[in-house]
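A.B. asks: Read off the chains here:
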Amino acid sequence: MARGRIRSKLKLSLIYTFGCLRPSADEGQEPHPIQGPGFSRTVYCNQPHMHKKKPLRYRSNYVSTTRYNLITFFPKSLYEQFHRAANFYFLVAAILSVFPLSPFNKWSMIAPLVFVVGLSMLKEALEDWSRFMQDVKINARKAYVHKSDGEFRRRKWKKISVGDIVKVEKDGFFPADLLLLSSSYEDGICYVETMNLDGETNLKVKRSLEATLPLDDDESFKNFTGTIRCEDPNPSLYTFVGNLEYERQIFPLDPSQILLRDSKLRNTPYVYGVVVFTGHDTKVMQNSTKSPSKRSRIEKTMDYIIYTLLVLLILISCISSSGFAWETKFHMPKWWYLRPDEPENLTNPSNPVYAGVVHLITALLLYGYLIPISLYVSIEVVKVLQATFINKDLQMYDSESGVPAHARTSNLNEELGQVDTILSDKTGTLTCNQMDFLKCSIAGTSYGVRSSEVEVAAAQQMAVDLDDNGEVSSRTSTPRARTQEIEVESSHGAANNPRIPIKGFGFEDIRLMDGNWLREPHKNDILLFFRILAICHTAIPELNEETGKYTYEAESPDEASFLTAASEFGFVFFKRTQSSVYVHERLSSSGQTIEREYKVLNLLDFTSKRKRMSVVVRDEEGQILLLCKGADSIIFERLAKNGKTYLGPTTKHLNEYGEAGLRTLALSYRTLDEDEYSAWNAEFHKAKTSIGSDRDELLERISDMIEIDLILVGATAVEDKLQKGVPQCIDKLAQAGLKLWVLTGDKMETAINIGYSCSLLRQGMKQICITVMNSEGGSQDSKGAVKDNILNQLTKAVQMVKLEKDPHAAFALIIDGKTLTYALEDDMKYQFLALAVDCASVICCRVSPKQKALVTRLVKEGTGKTTLAIGDGANDVGMIQEADIGVGISGVEGMQAVMASDFSIAQFRFLERLLVVHGHWCYKRIAQMICYFFYKNIAFGLTLFYFEAFTGFSGQSVYNDYYLLLFNVVLTSLPVIALGVFEQDVSSEICLQFPALYQQGKKNLFFDWYRILGWMGNGVYSSLVIFFLNIGIIYEQAFRSSGQTADMDAVGTTMFTCIVWAVNVQIALTMSHFTWIQHVLIWGSIGLWYLFVALYGMMPPSLSGNIYRILAEILAPAPIYWVATFLVTVTTVLPYFAHISFQRFLNPLDHHIIQEIKYYKRDVEDRRMWTRERTKAREKTKIGFTARVDAKIRHLRSKLNKKQSNMSAQDTMSPRSV
Amino acid sequence: MSSTAASLTVGGGGSSESSGVKKTSKRPKYSKFTQQELPACKPILTPTWVILTFLVVGVVFIPLGVICLHASKRVVEIVDRYDIDCVPASSRNDKVAYIKGVEDKICNRTILIKRNMTHPVYVYYQLGNFYQNHRRYVKSRNDAQLRSPSDERDVKTCAPEDNVGGEPIVPCGLVAWSLFNDTYRFSRNSQQLPVNKKGISWKSDREKKFGQNVFPKNFQTGDIGGGTLDPKKPLSEQEDLIVWMRTAALPTFRKLYGKIETDLHEGETITVLLQNNYNTYSFNGEKKLVLSTTSLLGGKNDFLGIAYLTVGSICLFLAVTFSVLYLVKPRQLGDPSYLSWNRSAGG
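If you're matching them up, the sequences are chains A and B in order.
For the first sequence, the numbering used here begins at 1 and goes up steadily by one.
For the second sequence, the numbering used here begins at 1 and goes up steadily by one.
Worth flagging that the hints you see were computed from the coordinates, not collected in a lab.
Errors might be hidden in some of the hints.
In silico DSBU-like cross-links for lysine-lysine, where the CA-CA straight-line distance does not exceed 30 Å [as the list claims (entries may be wrong)]: (1) A:Lys-329 <-> B:Lys-156; (2) B:Lys-139 <-> A:Lys-1176; (3) B:Lys-42 <-> A:Lys-392; (4) A:Lys-123 <-> B:Lys-29; (5) B:Lys-32 <-> A:Lys-1161; (6) B:Lys-288 <-> A:Lys-329.
Only a predicted model underlies this, so the values are computations on that prediction, with no experimental measurement involved.
Please work from the sequences and hints to get the whole structure.
C.D. replies: Shown next as C-alpha cells:
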C-alpha cells in the first residue's frame, strides 16, 4: 500500500520535471528513491557508447569462473598448499635441511615435498584450466546485437555491453540480463525456460511493456532511445525494481519484463531486449559463489593430530637440545677422545647455548619421522585408488544414460561415510519432473486400475511380512492366497492390455478408454470432465511431426499430463490463439473427431494463495462456462448446493488417492448467464487495467466473486514420477540415520506433493508451515512486523515440538523462500535451525540458488555436522559448493552442477551405494590407515629419541641412513596403502542390508580422540618395547658363540628388523580382509627388508659401509638375532591383540557380530533371524517409505481382519460379497 | 542370469551391436578387482583362536625362556674392574695426572676361576661412560682411506685428527686416534697363558674394509691420543684397531681382546700382568677385564630368558583369564542380541 502510493507520486513528479529537460542531462536532478542507495544504475538504451566512460562504465560481459589466473596461480595455489599444516611443516623442514646441520641429505627432504606439492598444484591447474576453457566457450558464444541503423550483427557475448539491443532467437540463451522490449508475438509475451537458474523446467511467461510493443522489427531500433533507472546488481532472482523512461514517459518495470542470463527462450521465434546487467553483474553470476576447496573432516582432525605430534616433536627436540647443551657444557670437556680442545663449532663446550640451539634444528629433522611426508603421499595414492573404485563401480553405472559414477575430487571419499544431513534438490534429482495421470474420480466413480508406487511397495512389503509370519498367523488361508488378496485391489485388470507407455499418462481402465466412456452411466459428467481437462489450462501445444501427436508446453507438468490424458480420452487440444482454444473432440466410438472452438473470455490465474485456476469460455453454442480446477479443500467450500451430488464419494476417493501418494485436484464448473457475466466482466476489466500494488488483491477479490456456486464433476490423481528407486533410496538413507532436506525452487504445493510421494511427508505427520502472508516488504516498518510474525511462528512451533509427548510423533517443516530470507538473517537463523533439526523432514520451497547455499551453510555451521548437497541444475551449484560434499546428478540437464560437484552420479538412487557402501568403506579405511600411520611413525621415531639419550644427545642415529629412507618409502608403505584401498569390514551387500552400520561413521567411532590416542599410546609402547628389549638383549655381552660383541650397526639392524616385523604384523592384525594382495604386500614387505639388507650387504664396502655383509656374516648366523626378533615382535603386538580379543569378546561392535554371523554362515542356517535383524537394523525413522508402508500395512491389516471376521461369520458358504 | 545369457548369444544384429559398443565405451569393465570382489579370507578372532594363540605363545615362550636362561647360566663370566685398583694409592687423588704421567703403569691382577671354563675363553675389555656413539666421534673417520692407499689424502671428515704438518694421518680421525691401549698378559701357575689375537674381528672387515697394503702413517705423531700401531703391519692385520673401529652402540661396551685357547679349571688362579695406559679417568669411565665363555646365544645375559619367561607367563595368564571369562560369561558368536540396536532396546 505505502509503496504503491510513493510510486505513483513519483511518477507524476517525474513526468513533470522531465517534460522540460533533455533525458541525458539528469545529473543535477534531485535524488529520489530509485536513484538512492542501492538503486543507482542508469542504462541508456541503444546507446552503449554512453557506457564506455567511467561513472557509467559497468562491468563487461566477460565471465570468469576460474579460481586463478596466470599471475595469481603460483602465489595463490602455493598459499593454498602451504596453508595445510603439514605442508608448511615440511617446507620448514626442507628449508632447514639445506643447512649443513641436517642429519640427512637435503634432497631426501626436498624431493618428496616438491613431488607432493607439485602434484596437488598440477591437479589444481588442470581443474582450473578446464573451467577456463568452459568460460572461453561461453564468452565466445554469439548473439545478434544492434549495430546501427536497424542493422543487427553477430557479436561475441563478452563484447556485449550495457545498453546494447540484443535479438535472441528461439532456443537461444540470453547473453546477459535483458529488459524485454518486444517479441514476435503481438502482445509482447515470450516463454522462458529458467532451468539453469532455479531448476524448474516449466516455461515462464514474460511480458513486455505495452509502450515498447511497436519495436518489433530490426528497423524500428534505428532511432530508439530510452533510459532505464534500476536497482544495483543483486542476487535476488525474483525481484527487480526500476523504471523505463521512454518517449518522455516513465514506466515502472517489474520482474516479468526481465530476461535473465542463462535462461532460454522457448516457443517464441524471437525477442528484442536491452542489456541491463552484464557479466558478473547478472543475477545468475551474483548467485554463484566462489568454489571453495574442500577438505574432509578426518583431514581436519588429522591437522590436530599433526599439531599434537608437532608439540611432541618440539618437546623431545627441546629435551634433546638442552640435553646436548648440558652434555656439551659439563661433560664434553672431559671427553678427551672428542678433542674438546679443538672443537667444531657445533660441539664447542665453551658455547653450549649455540650448540643447543643449532642442535634443536638437527633434532627437529631427526625426529621428523613422527610426522612423515609419506603420510600425505600415501593418503593421496589411497584416495585416488578409492576414487577409481567409485568410478568403476558397475552398480553405480546407469545403463540407460551410459554414465558411470565419477569421483571428481578424491579429497572427500571418507567424508562420504560421515554424512549427517542431505540437502537435496527436487526437480531432476528426486523426480524426473514428469507427471503421470494415473486415476480419476468422475461423478462419484473411481477410474484407473494401475497402482501407484506407494501401493505396489505396500503390497510387496505386506507379502514379505506375511511370508515371515506365515506359520504363526495363518488360520483361514495360506499366506500365498492372502497376499493375492491384498494385491487384488491394485493389480486387477492390469495384465491383459499391454500398451505402449505414453509419457505423462499411466492411466489404465477400459471403461474410459477408446470411447467406452459413452456407455458409462454419467456420460455427460464424464464429457464435462474431459472438457475441463482440455480447456482449463495455460499450455501451448506443439505438434510432433513424426508421430503426429501433440506435446504440451505447460506451466506445470501437471497440466501437461492433464492434456495428454484428455487427448488420450479423445479430446485433443491442438491450437491456442490469443482468444481461443481449439479442441478435436471425439464424441462417438467410431473415432471421428469434431473440431470445436472455445472462446476464452477470461483466465483467472493460478497462484499459491488461490490454489485454483479458472477459465471463462464461450462454447460454440454461445453458452458461457466457468471451468475451475483446484485444490479439493478450496473447491469444496465453493460448491453450490446442487453441486454436491458427488461430494461424498469424491472425498472418499481423494483420500484414497492421497494415501497412495498421488497429487490430486478437484474439477468443477458452472454455467453463467450473459447478464451476470457481463456485469462481472466489466468489474474484472476495470481491476485488470488499474495500476497499483493492490491490483492483484483486487483481481483476486473479483475472481472470488465469480468462482462460487460451483458444481463438482470429479477429481484427478496424478503421480509425480519419481526417479527410479528414489523412495527406496530415501528409505534406506533414512534408515542409515541420515536427515533429508528438500530445497526446491518449486511452488509449495508441488513441493509438498513430492514430499508425499517420496514419503518425506505422510498422513498423520504434523506439518508446520511457516509463511508470510503479507507480501509487502518494502519499508523498514513492515519488515520488522514480518520478522516478528515469523519469529512468533517459529517460537510457537518450537514449543509445540517441545511439548509433544508422543515419542513417535513426527513433524514436518515447510517453509517458503520469502520467509527464508528473514529466517536466514542472523538474529533468527538459529531459532529456525533449532526447529528444523527437531523436525523429521524439512522442505524449503521457492528458494533461490543463493538461499540454497545459505541454508546449506546454516546447517553445516549451525549443527557442525557433515552435509551433503545433491542436485542436477545450475541452480544447485551454490549449495553443491557450499556443502561439505557436493554431489551432481549427471542427468539430462546441463553440466554446471556436475562441474561444481565433488562426486557425480547418474541417478539419485546411486547415492545409497555411494554413501552406505563406498562412504562406509572409505571412512573406515582412511581412519584406520591414518591411525596406523601415526602409530608406526611414533613407534619408529621415538626409538631414535631413546637412542639419543644414550649418545649424549649428539644427534647420532642408530640406524643406517638407508634404513631411515626406506622405512616410510618401501618397507611399510605398501601394506598401509593396501589397508587404505582394500580393507572391508563387511561386504557391500551387508553394508546395504544393515544401514545402521553407517552410524559408525556418523558417530566417528573410528577416528575419535579416544581411538587416536589409543593408537598413539600403542605407538609409544611399541617404541619402548622395541628399543629397550633390544638393548636388554644385545647388551654388552657377546651376541654370538664366536665371541664378538655387537656394534652400533648390528644393534641398529636388529632393532630395525624388529620394527619392520612389528609394524607389519600389527597391520595384519588391524585388517580383517585378506586378499592375495594384502598377503603379498604385508609379508612381501618383511621379505623385502631381508632382501634389502642381504643385497645391500653384498655391495662393495665403499657403498655399503658398515652394513657390508651384516646379515650374511654377522647377524644371520647368530641365533640371538632371530630369537630377539621373535620376542620383540610378539611382545609389541601383544597388548593390541589382547585389546582386540577382549573388546570383541566383551563389547563387540556391530560389524564384529555381523562378521561372525557371516563366518559361521548363521545367516543361511537361520534365515528368520537374519531377516529379523535386517529389519531391526534400521534407525527408527519417522520419514521414508518404510514408515509410510507401515502405516499403509496397518490400514490394510485392519481391513483384512474385518474381511476375515466377516468371512468366518458367514460360515464360508457364500462367495465373498463384502 | 537369463539376461546375461541373452546378451551373450545376441551379437549378430548390427544396430544392437553398435549401440552396445557405444554403451560399453563408458561402461566400466567388470573385474573382480575393480568391483572389490576379490576372493578374500576374512579371519575372525573367535575365543578358540584367542585362547589358542595365547596358549601357543605361552607354551612356546616358556621353554624358549628356560633354554635361553639355561644357556646364559652355563656361560661362565668373570669381570674384574681394575681402573681404580691399578692406580697406586698415592696417585688416587689425581688419577688423571697419574695416567698422563710417563712412568710404567704396570699392574698385577689375580683372577680366581670359580667354575670350569672350556676353551675358547674370550677376553674382553669393557669401558664405561665412553661415548663411542657420539655423533662427532662416529663421523670422524674415513673408510676409503682405510681400504686403499690411493685414498689416503681423503681426510676431510677426520678433523682435527686429519693430518700432521700437511701429511695425512693413516688411519685418520678420532676413532682410530683414541685406540684402546691397555694390554693384558695372562699366566697360570706362573706359566704363560697365550692370548690368541687372531680372528677377533669380522672376516669381512679384515678382507674388504681394511686394506692389506695400507700401512699406518703419521699415526700418533701429532697429538698423542690412545694406542699406537705397528707401521710395518698392514691395517688388515691390526685386529685391535679393526675391532675398535666398529663403534659401540652404547656408552658402556665390551670389545674382544683375544681368546685363550685352553680350558680354565675351577679353583685356578690367573694372574694378569696389566699395562694400564688408557685414560678413562678424565671422564670417570670404568675399565673392566672380562673373561667369558659363550653359548650358542653368545655371552652371559639373563635378560633374554627372563623376558621370554615373563611374556610367556603373561600369555598363559591371558589365556586363563580369557578361558575363565569365556566360561563365566559366554558369548555365542554371532549372537544377534549383541547388535547395538538390540542392546539399546534391551536396556
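A.B. asks: Look at each hint and say if it fits the structure.
C.D. replies: Hint by hint, here is what the structure shows:
no.	hint	verdict
1	A:Lys-329 <-> B:Lys-156	26 Å, holds
2	B:Lys-139 <-> A:Lys-1176	68 Å, violated
3	B:Lys-42 <-> A:Lys-392	24 Å, holds
4	A:Lys-123 <-> B:Lys-29	26 Å, holds
5	B:Lys-32 <-> A:Lys-1161	22 Å, holds
6	B:Lys-288 <-> A:Lys-329	28 Å, holds
In this structure, only the earlier hint numbered 2 is contradicted, and the remaining ones agree with it.
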